[in-house]
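Visitor: For the protein sequence lines, the chains are A and B, in the order given.
Our numbering puts the first residue of the first sequence at 138, with every later residue one more than the last.
Our numbering puts the first residue of the second sequence at 138, with every later residue one more than the last.
Chain copies aren't distinguished; within one or between two, either way the pair holds.
Lysine-lysine pairs mimicking DSS-like chemistry, simulated, CA-CA at most 30 Å apart:
# : residue 1 : residue 2
1 : 154       : 297
2 : 286       : 337
3 : 249       : 192
4 : 297       : 249
5 : 154       : 342
6 : 249       : 195
7 : 297       : 232
8 : 297       : 342
9 : 247       : 297
In case anyone wonders, no lab produced these hints; they're calculated from the structure.
Protein chains: 2
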Amino acid sequence: MSRGIITVLSGFAGTGKGTVVRELLKRHSEYALSVSATTRSPREGEQEGVSYFFKTKKEFEEMIRNDQLLEYAQYVDNYYGTPLAYVNEQLEAGKNVLLEIEIQGALQIKEKYPETVLVFLTPPSLEELERRLTGRGTETPEIIRERLKRAAEESRGMEKYDYILVNDDLDTCVEQFHHIIETVRCEASRNSDRITQIQKSLAEKYGN
Amino acid sequence: MSRGIITVLSGFAGTGKGTVVRELLKRHSEYALSVSATTRSPREGEQEGVSYFFKTKKEFEEMIRNDQLLEYAQYVDNYYGTPLAYVNEQLEAGKNVLLEIEIQGALQIKEKYPETVLVFLTPPSLEELERRLTGRGTETPEIIRERLKRAAEESRGMEKYDYILVNDDLDTCVEQFHHIIETVRCEASRNSDRITQIQKSLAEKYGN
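Model the full structure from these sequences, guided by the hints.
Guide: Structure (structure tokens):
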């Protein structure tokens, strides 16, 4: 079984990252969702090892020191990060591991593991993003404006991603995501073993 | 309409390049096959502009001088090459242009047009390649051996391609080829306009 691929999905609030990830996991068994570690307290219904790995500040800082995190960040007073061990287990089992994280984390991972695939999910247009955020009807205009201001900041790093995935139709978007990962698996640089093997066997038997 | 992508398909004799190309053209209207120019004489049934663009040696050498070829090569006494004008017409019409050429030509094009996608078609194993070449029953053992010697030479450049496509099951292979091209269209580097546009509109309306 060949090792899976680490895949980061980022995108503005309201572009449907969660839905795309859920659909992908439902349709294709070769994906697994990464579980983050955090120092914040569990909320009602959150399960250890499913929602998060809950850690004390001391435990988390030890993970940082021991290089046991793929990436991490601090928000307000809490740490959030991606434990390496869980990701590696999944990759070894042949699963492509999905990480739903933001640009800083995405770029940290890409630097450490250049084979990581970074996908940025984008709405077809700004108007559509505004419409989706407003259409939820659950947030105040101030919160919506905050999210769009945040989107303006986040958009600055879009060109650092490998792929831009437009979420217009959900079904098309989920399949395109899957096709990206399948295509990445065909990259010559990820098939050195196969290439070497065919070159060697041809050379031995039919080479000059 | 967005401009199409130049796609080169190479691979050993017996890996089914022709069949893959035919199936792709049949199933997906966004592909067009490039037509080569040659100085060799038309064979029975060959049509000008369909099988080849037939040129005199003088005409062909003028095309070389005027940089009107994407790539060209000389075999025995004849020139073979890919006229730029036809390819450009198809690209402008939004078609992805397929070129079934060998590694020297493929690398010539990639150097001039780095946005070209190079796909190398390979059998699942050497045994399978031998089986397919023998199974045709139309060639002598000497010719089969010549083809395999040629494959040994051609295999040396495999790692210079962008993608390695295994032709195990034809249907899977044709769809994977199509997915490669769809995925390439999602590359951030090919979506600068879309990225700039969303960054600009977000910044203007919600930026600091």
